[in-house]
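Asker: Next come the chains, spelled out residue by residue.
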Amino acid sequence: EDQVTQSPEALRLQEGESSSLNCSYTVSGLRGLFWYRQDPGKGPEFLFTLYSAGEEKEKERLKATLTKKESFLHITAPKPEDSATYLCAVQAEYNFNKFYFGSGTKLNVKP
Amino acid sequence: ETGVTQTPRHLVMGMTNKKSLKCEQHLGHNAMYWYKQSAKKPLELMFVYSLEERVENNSVPSRFSPECPNSSHLFLHLHTLQPEDSALYLCASSQEVPGDIYNSPLHFGNGTRLTVT
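Protein chains in written order, with my numbering: chain P, 19 to 129; chain C, 1058 to 1174.
Everything labelled a hint here was simulated from the structure, so no lab data went into it.
Cβ coordinates follow ideal geometry from the N, Cα and C atoms, glycine included.
You can take every hint at face value.
Estimated spans, in silico, between C-beta atoms of each pair:
(1) V1154/C - E74/P: 21 to 31 Å
(2) P1118/C - T44/P: 20 to 30 Å
(3) K77/P - Q1152/C: 12 to 22 Å
My request is simple: use the sequences and hints to build the entire structure.
Answerer: In structure tokens:
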């Protein structure tokens, strides 16, 4: 069964304290893996797409990496404005209309 | 207007009411989606429309009825809902290019917060 698991469920960091969020997945043929950021009361905002193992994408303090079984979202020297819930989703080759989402990691960065 | 717009932002309805959620996308995409988001649970796919044709109905109860009159508009008609249907309902769109392995990501609206009393 295709599924996505994110860990940890919640993460508290001090401003400047770097860390990583994990997204492990099982899918029969990965078409793409997506990272989103969701702020309270808003819809998910697209961050990155990764297509193949070894690929990396960066945006400001965020860097996403992909292996054959998991993806990491590395946050370098986070700021309070990085506080949000980060969602991971995978898209299968055999059914590209379906995006399987994880439950998310709620990140809280304290000043 | 840009992106994906959903109305209303908040909705409170009784179990015997009938209401509709509206979604409009201004991105020129050809696929639209309804997702349900409940606390601490993954987003649940409800319906997918591709080129205005329903291609996915993810075992959703018949009290939820989607409508896609054109590629820019999507509705979710609600009737005789249950309290457990209270959730954030998210609309999304994407661009599908047949034969293209690089599918576009989902672009979401800000959702309708539904409370069923």
